[in-house]
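Engineer: This is what each chain is made of:
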Amino acid sequence: MRFNKLLIVIMVVAIAGTAFAVMSNLQVKAQSEDKMVVGHSAGVYRTTGDVLNPEGEDARVNLDEIDPMKYLREFDYGTVSKLEDGTTLREFTIVADDRQVMEVSPGVFYNVWTFNGTVPGPTIRATEGDLVRIHFINNGTKEHTMHFHGIHKAEMDGVFEKVGPGGKFTYEFYAEPFGLHLYHCHVQPLEEHISHGLYGVYIVDPKTPRTDADEMVMVMNGYDTDFDTENNFYTVNGIPFYYMHHPIQIEKDRLVRVYLVNILEFDQINNFHLHGNLFHVYKTGTGLTPDEYTDMITMSQAERSILEFSYKYPGQYMFHAHKTEFAEKGWTGLFQVKE
Amino acid sequence: METVSSARFAASAIIPLVILAGMIAFVLWPGNSILNIGIPLPDVTIERIEFHDRLIVAYIRNTGPETVSIAQADVNDRILPAAIEPSKTIERLAEAKVVIPFDWIAGQPYEVGVTTSDGTRFSKAVAAAAPTPLPDAGQVSLMTLIGTYVGVIPVLIGLLWLPFLKRLSNSSYMFFISFTAGLLIFLGIDALVEANEISVENLAGVFKGPMLIAAVTVVSFLVLVYVSERLVSRTKRQLASSFAIATMIAVGIGLHNLGEGLAIGSAMLIGEVALSTFLIVGFTIHNSTEGLAIVSPLARERPKIIRVIALGLIAGVPAIIGTWIGGFTPSPLASTVFLSVGAGAVFQVVYAIFKFAGKSSEHFRSGNVIAGVSAGMLVMYLTALLI
Chain A
1 MRFNKLLIVI
11 MVVAIAGTAF
21 AVMSNLQVKA
31 QSEDKMVVGH
41 SAGVYRTTGD
51 VLNPEGEDAR
61 VNLDEIDPMK
71 YLREFDYGTV
81 SKLEDGTTLR
91 EFTIVADDRQ
101 VMEVSPGVFY
111 NVWTFNGTVP
121 GPTIRATEGD
131 LVRIHFINNG
141 TKEHTMHFHG
151 IHKAEMDGVF
161 EKVGPGGKFT
171 YEFYAEPFGL
181 HLYHCHVQPL
191 EEHISHGLYG
201 VYIVDPKTPR
211 TDADEMVMVM
221 NGYDTDFDTE
231 NNFYTVNGIP
241 FYYMHHPIQI
251 EKDRLVRVYL
261 VNILEFDQIN
271 NFHLHGNLFH
281 VYKTGTGLTP
291 DEYTDMITMS
301 QAERSILEFS
311 YKYPGQYMFH
321 AHKTEFAEKG
331 WTGLFQVKE
Chain B
1 METVSSARFA
11 ASAIIPLVIL
21 AGMIAFVLWP
31 GNSILNIGIP
41 LPDVTIERIE
51 FHDRLIVAYI
61 RNTGPETVSI
71 AQADVNDRIL
81 PAAIEPSKTI
91 ERLAEAKVVI
101 PFDWIAGQPY
111 EVGVTTSDGT
121 RFSKAVAAAA
131 PTPLPDAGQV
141 SLMTLIGTYV
151 GVIPVLIGLL
161 WLPFLKRLSN
171 SSYMFFISFT
181 AGLLIFLGID
191 ALVEANEISV
201 ENLAGVFKGP
211 MLIAAVTVVS
221 FLVLVYVSER
231 LVSRTKRQLA
241 SSFAIATMIA
251 VGIGLHNLGE
261 GLAIGSAMLI
271 GEVALSTFLI
281 VGFTIHNSTE
291 GLAIVSPLAR
301 ERPKIIRVIA
311 LGLIAGVPAI
321 IGTWIGGFTP
331 SPLASTVFLS
341 VGAGAVFQVV
351 YAIFKFAGKS
361 SEHFRSGNVI
371 AGVSAGMLVM
381 YLTALLI
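Those protein sequences? They're chains A and B, same order as listed.
Mapping of the first sequence onto the working numbering: residues 1 to 339, in sequence order.
Mapping of the second sequence onto the working numbering: residues 1 to 387, in sequence order.
By construction, these hints were calculated from the structure, which means they are not laboratory data.
All of these numbers come straight from a predicted model, not from anything done at the bench.
Treat each hint with caution, since some may be false.
What the hints assert, rightly or not - SDA-like cross-link-like pairs, simulated, lysine to any residue; straight-line CA separation at most 25 Å: (1) Lys142(A) / Asp118(B); (2) Lys142(A) / Lys355(B); (3) Lys124(B) / Asp224(A); (4) Lys355(B) / Leu165(B).
To be verified - Computed from the model, here is a short list of chain A residues facing chain B with C-beta under 10 Å: (5) Val44; (6) Glu55; (7) Pro106; (8) Gly107; (9) Phe109; (10) Lys329.
All C-beta atoms in this analysis are idealised placements derived from N, C-alpha and C, irrespective of residue type, glycine included.
The shape of chain A in the complex, shown without the other chains:
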């Protein structure tokens, strides 16, 4: 009989304990500071907790691996020297790695694979006819290569000559034809090597330079952070929404030239739409006369175009993917047109 009573006491205590544990989880600890969350279409909410806002002014991202503002107008012309026959030689050293973890969006960390430590890799720039020599070093844990788009010999194609961990390879080719190209790792599974960030822009200028302009590079990419072959983030130049809180400063009436490359994995297409303006399109940059005058260009992976425009009126103008899903997952930015 006593044992039975004991049993009941134990049961009651166990049930009460469980109930207490459940209820105590529901209690919210009060904090002193009040922060504000402003919605897209509606509503303001004051919170004592944390704010999650990847496109807000206070969004913080570690910019060690990629600084979109620096990347935007940074061109690597290499170490220049002249060969005996008068040809310009441009030498580059590119190091591949696959061990970095980068904050791709505020608070989201992802293992990026990089050329020279950044996503996208450095923008390699040469003039048509130059000899390009790339000293490639693989510092990663997997095989990697550099595959350039453009005209070159088969053994310089970066497909069959895989470079193992710690290995080196020298790519050498003449810069041709002039235009806007790209490079990326070509080791299989290709999808994996590209989606992790092994790509960059390769520009070949015509022998007679294009007109003077405010030149900038835009690479459209994405990150599949949960490995379900669907992108969780879309960006231009590496960080979602970056140019929303850091608008690109340009001048009114000044010609802007955008080298636009799409390297987005998994999705069939990507696109670029400009607000309050239209632009001239030079497809693949291989011609000197525009192919189209529009405010919207659609591309599949590895397609690229040079866009030229200037703004008539000052103010803030948006540019974004006119695939709204991509726009709302990070591929949105602003131009600040100054007088």
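Could you slot chain B onto chain A? The hints should help.
Structural biologist: Relative to the frame of chain A, chain B by itself:
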């Protein structure tokens, strides 16, 4: 001699615990990596989603093995500014509230997601957005009204069968008391199915829903068996004994109706139910059989009317309380536990009825009993079709 043996007795209880503690300390010792196998994957469960004035609120729980940090929130997979309370860092099994300012449209489906710091997204869909009832006077009275219609009124109607039952012959009476047992078996199984449904849909895997249901059902059954045996054996008089059984039935049905109220309240909350008059009529017919179950053991007595009404209220009022709990502070864990307790309680009542019937009749396995149980279950099934 006495102290030595009691010290030994204590030691024999403590030694296994000491060894166990040492073993756990060894495994968890900082720097001990012997058992660190594999990568712990994060797991976040969105337990419920509420729709307020231009706000979507998601209650999330860290159901993974380690502390997680939430990096962002989304609606329909579109990243949006949001607040998270108390903090974006959530410890294991702790809860957080994600508030997203969003101009939602009633009746439309929405999916709410959160992404952890390693980029994994967890989401939950809502079939149709509906304003979450706030516990104001209007909502409380609406819930009370529904609870009264679904629980209290039908049970009280059922009690009116008492004069009819009194006039029955012994064998017909056996049929009706077995009929009651059939009703209750149906209700018990119904509660288990409902609990399982809730645990599958809304309860995180870490709570091991099915085993929680099994444990709670068995424990509540045994506890109630023990309590009712005490209650019945304390008084030898026949009236007290049958009244005790009626009370147990009322309590069991009350627990069942609490579960039913929870289900209705939380269905209203998440917008899954457009509570139609048809549904209420269905519940009313279905639940009036419960009143019959309560008065069956009293058919051979002359109970005071006030007592009978009290029994009806014991059985019916929990439905109102259930709608409040389910409608205002819904928790899948609490719902699962309540329903399981209800199932255990109902099965205990069935056990008590058969024991009671076995005493008063020698034909325990007679055709009347079998027909009664079968008819009870069939009637419940047919009236359940109305819901």
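Engineer: Look at each hint and say if it fits the structure.
Structural biologist: Evaluation of the provided hints:
With a CA separation close to 22 Å, the supplied pair Lys142(A) and Asp118(B) stays within the 25 Å bound. The hinted pair formed by Lys142(A) and Lys355(B) fails the criterion: a straight-line CA distance of about 74 Å is larger than 25 Å. Distance hint between Lys124(B) and Asp224(A) is fulfilled; the C-alpha atoms sit about 20 Å from each other, no more than 25 Å. The suggested pairing of Lys355(B) with Leu165(B) holds, with an alpha-carbon distance near 19 Å, which does not exceed 25 Å.
Look at Val44(A): its Cβ gets to within about 7 Å of chain B, closer than 10 Å, so that hint holds up. Taken as an interface hint, Glu55(A) checks out: its beta carbon lies about 7 Å from the nearest beta carbon of chain B, inside 10 Å. Interface hint status for Pro106(A): upheld, as the beta-carbon distance to the closest one in chain B is roughly 6 Å, under 10 Å. For Gly107(A), the interface hint holds, since its Cβ comes within 10 Å of a Cβ in chain B; the closest pair sits about 3 Å apart.
Using the Cβ-Cβ criterion of 10 Å, the hint placing Phe109(A) at the interface with chain B is satisfied: the shortest such distance is roughly 6 Å. Interface restraint check: Lys329(A) against chain B, minimum CB-CB distance 6 Å, threshold 10 Å, status holds.
Of the numbered hints stated above, the single one contradicted by the structure is hint 2.
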